[in-house]
Amino acid sequence: MAQKITIEPVTRVEGHGKVTIHLDEEGNVVRSRLHIVEFRGFERFIQGRPYWEAPVLVQRLCGICPVSHHLAAAKALDVVVGAGTGHGLSHTAEKVRRLMHYAQIFQSHALHFFHLASPDLLFGVDADPKIRNIIGVARVNKGLAVQGVMMRKFGQELIQATAGKKIHGTGAIPGGVNKNLTEEERDAFTKGAAPMNPGAMVVWAEEAIDFFKQYYKKNREFIDTFSVFPSNHLSLVRKDGALDLYHGNIRAIDSEGKVILHDVDYQEYFNYIHEEVRSWSYMKFPYIAELGEADGWYRVGPLARLNTCTFIPTPLAQKEFEQYKANTIGKPNNMCMHTHYARLIELLHAAEVIRDLLNDPDLQGNELVRRGEKKHEGVGVIEAPRGTLFHHYRINDNDQIEMANLIVSTTNNNEPMNRAVNHVAKTMMTGKKEITEPMMNAVEVAIRAYDPCLSCATHALGQMPLEVSLFDADDQMIDRKKKG
Amino acid sequence: MSTNGSVIRIIIDGKEYLSRSGVYLIDVARENRIFIPTLCNISGVKPRGACRMCTVSVNGRYMTACTTPVSEGMEIKTNTPDLHDLRKAILEIMFVEGNHICPVCEKSGNCDLQALAYRFQILVPRFPYSFPKRTIDAENPLLVKDHNRCILCKRCIRTIKDEQGRSFFAFRKRGHKLEISIAHHLKDHLNKEIAQRAVDVCPTGALLKKESGYNIPISERKYERTPIGSEIESLKQSVIGDQ
Ligand code: SF4
Chain A
1 MAQKITIEPV
11 TRVEGHGKVT
21 IHLDEEGNVV
31 RSRLHIVEFR
41 GFERFIQGRP
51 YWEAPVLVQR
61 LCGICPVSHH
71 LAAAKALDVV
81 VGAGTGHGLS
91 HTAEKVRRLM
101 HYAQIFQSHA
111 LHFFHLASPD
121 LLFGVDADPK
131 IRNIIGVARV
141 NKGLAVQGVM
151 MRKFGQELIQ
161 ATAGKKIHGT
171 GAIPGGVNKN
181 LTEEERDAFT
191 KGAAPMNPGA
201 MVVWAEEAID
211 FFKQYYKKNR
221 EFIDTFSVFP
231 SNHLSLVRKD
241 GALDLYHGNI
251 RAIDSEGKVI
261 LHDVDYQEYF
271 NYIHEEVRSW
281 SYMKFPYIAE
291 LGEADGWYRV
301 GPLARLNTCT
311 FIPTPLAQKE
321 FEQYKANTIG
331 KPNNMCMHTH
341 YARLIELLHA
351 AEVIRDLLND
361 PDLQGNELVR
371 RGEKKHEGVG
381 VIEAPRGTLF
391 HHYRINDNDQ
401 IEMANLIVST
411 TNNNEPMNRA
421 VNHVAKTMMT
431 GKKEITEPMM
441 NAVEVAIRAY
451 DPCLSCATHA
461 LGQMPLEVSL
471 FDADDQMIDR
481 KKKG
Chain B
1 MSTNGSVIRI
11 IIDGKEYLSR
21 SGVYLIDVAR
31 ENRIFIPTLC
41 NISGVKPRGA
51 CRMCTVSVNG
61 RYMTACTTPV
71 SEGMEIKTNT
81 PDLHDLRKAI
91 LEIMFVEGNH
101 ICPVCEKSGN
111 CDLQALAYRF
121 QILVPRFPYS
131 FPKRTIDAEN
141 PLLVKDHNRC
151 ILCKRCIRTI
161 KDEQGRSFFA
171 FRKRGHKLEI
181 SIAHHLKDHL
191 NKEIAQRAVD
201 VCPTGALLKK
211 ESGYNIPISE
221 RKYERTPIGS
231 EIESLKQSVI
241 GDQ
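Chains as they are written, first to last, in this note's numbering: chain A, 1 to 484; chain B, 1 to 243.
These are calculated hints, taken from the structure and not from any lab test.
Each hint should be verified, as a subset may be incorrect.
[Claimed, not checked] Calculated pairs, DMTMM-like style, for lysine to aspartate or glutamate (alpha carbon to alpha carbon, straight line, at most 20 Å):
id: 1; chain 1: B; residue 1: K133; chain 2: A; residue 2: D362
id: 2; chain 1: A; residue 1: K374; chain 2: B; residue 2: E31
id: 3; chain 1: A; residue 1: K374; chain 2: B; residue 2: E211
id: 4; chain 1: B; residue 1: K210; chain 2: A; residue 2: E373
id: 5; chain 1: A; residue 1: K165; chain 2: B; residue 2: D188
id: 6; chain 1: B; residue 1: K192; chain 2: A; residue 2: D399
id: 7; chain 1: A; residue 1: K374; chain 2: A; residue 2: D240
id: 8; chain 1: A; residue 1: K375; chain 2: B; residue 2: D13
id: 9; chain 1: A; residue 1: K166; chain 2: B; residue 2: E224
id: 10; chain 1: B; residue 1: K209; chain 2: B; residue 2: E233
id: 11; chain 1: B; residue 1: K187; chain 2: A; residue 2: D397
id: 12; chain 1: A; residue 1: K375; chain 2: B; residue 2: D188
id: 13; chain 1: A; residue 1: K319; chain 2: A; residue 2: D240
id: 14; chain 1: B; residue 1: K210; chain 2: A; residue 2: D397
id: 15; chain 1: B; residue 1: K88; chain 2: B; residue 2: E72
id: 16; chain 1: A; residue 1: K166; chain 2: B; residue 2: E220
id: 17; chain 1: B; residue 1: K209; chain 2: A; residue 2: D240
id: 18; chain 1: A; residue 1: K426; chain 2: A; residue 2: E43
id: 19; chain 1: A; residue 1: K375; chain 2: A; residue 2: E402
id: 20; chain 1: B; residue 1: K210; chain 2: A; residue 2: E402
id: 21; chain 1: B; residue 1: K210; chain 2: A; residue 2: D128
[Unchecked claim] Here are a few chain A residues that sit away from chain B, every Cβ distance over 10 Å (derived from the structure):
id: 22; residue: R33
id: 23; residue: W52
id: 24; residue: S90
id: 25; residue: A138
id: 26; residue: V149
id: 27; residue: T170
id: 28; residue: A194
id: 29; residue: T225
id: 30; residue: P230
id: 31; residue: N366
id: 32; residue: D399
Source: prediction; values computed, not measured.
Where a beta carbon is used, it is the ideal one built from N, C-alpha and C, also for glycine.
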């Protein structure tokens, strides 16, 4: 009898997402899907609002990486107010925004690694969820848990200093920023008592990479084989090919490293990226237009970024990057669990960028806003912690938003997450009639590698609530299991 | 009976004060460091008693402090539990009968309505939200009118006038559709300076200056520096009140 299995994680952030796995009569996995409730409402209810409200309004769709939305919207509106793309702002404005953004990357990556991923790495993905959580980590490795909390705090305080608030600030406005970083504010970080200073954060980020590398040495087979599948990769890169999380052109490569999108201007992203709607999910499926729906899907996020960029423009992260690249002999990395590794290299890069920026006197400059010839349309793209984030606005003659299109990181990773779930389901469910605990854990781990918002809400204490329902060919539920 | 301008004695919250007859009660209170909340009142502009926030008890009767001139022997209570609850209810009504989304409003931190809600510690209104369907009118090149946030206080109508005393703003439509409009015959005279005055006089985010917003960083906004009422409560006692 054909069966449909539903794994339903109940979450607080995106409504809820659920996994369904469809078995044929022999118990083989025929397909699996990750269903996620998306944010389409925002694109609708922002219509009619004055354009300058967008950076403050749209960031409300996320409590986890609001800075990314705040900045992506502000970048789109820089174009509208005639300040141009990227480097059209004053040095002060661009650098204050960069500091805000790298602080966000730093705190988000730290949160993900220490709070969400480290329990899996310390205890193994099969471990009892009762100990596989940050409290469990604190029990066996207090130092690691404390570092996680302090690194996040450091990033959050930098966000507050630049955006006015830790969550949902107002620092970026169309054409610039509303404040610089005063000397006192800067000194609170640069002269902060250890460990709350940028130097200590760099050291801790290095230690986090060492922790992962040790784990990798011992668990090479798992890390190199869990949910591996070829894909295209997409991100922004700087003009010279460097990793740049705030600004750049869109580059996409295939699984072998061949360039598919050659550093194109994101103002015209819609010529290169299209979005497909599928009836069973609220979340759209973006793809590279030229390759079509079937082959054009791509990954975004840390793994993709370290595949597309040519180098990392800070020395310590570059050294780690070279070692990391050696694992695949310079080829693109298609191993899902290496996302954690890539994320930590970015964590180190962010720490180095923050340290250098804090010493830059431009942050104390007074030219905060620039404007030029007004336009009716603008696109802002940024590399959010979880991947490329697109904001696109069109305004009418009265300065009201008449069209908004957002492609958020998790949406870009929609197909890869589906593939990852499918991969796990095929490996672990084929020939089985019942959902096993390791299988449920594996699904959770595969999704978490992409760090979609839902994982944050559900795994903070290791309790991803799962509901597993088993359906027969007639869609009748014949079994149900719950956990969390 | 006292004549206008003569010195009189009144009692506010059990304490005796000297004042001049005919002065509005709200001004006497202000001079004597007593804060009576208001949304529609502006010093120096003829009061209307529109919002009722300044309701006080005068000789046992509820009256609006902004429209009541003081006279000899008045016994006034400004802050009984009943009055507090009445004012809180008025605020709550304003919140539920418009669409006030403070977290994204650029007036946040500078908004009288929000500041009073903080002062009155409103968490959840006791009345159901009505979520009215209101529009944003952005046709004017200098001003945006967000009807979602208008509390119909008439401050703009009463204050923003041309040299001949004609109002730049007026009400149009009726009943629950009543809304603020820019006087058609004057709209071409509305310049940047007048627009800024209108934005400043509006106690909410209903009038917004075009193409600029969120310019004041969080923590430097008006009511973050000086919570509403504190500027009155910390004023020096007036000479007359000290006697
Ligand atoms: S626009 Fe502002 S000042 Fe005018 S009536 Fe409405 S709330 Fe009062």
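**Request:** Output the numbers, in ascending order, of every earlier hint that fails for this structure.
**Result:** Structure breaks hints 1, 2, 5, 7, 8, 10, 12, 15, 17, 18, 21, 23, 27, 32.
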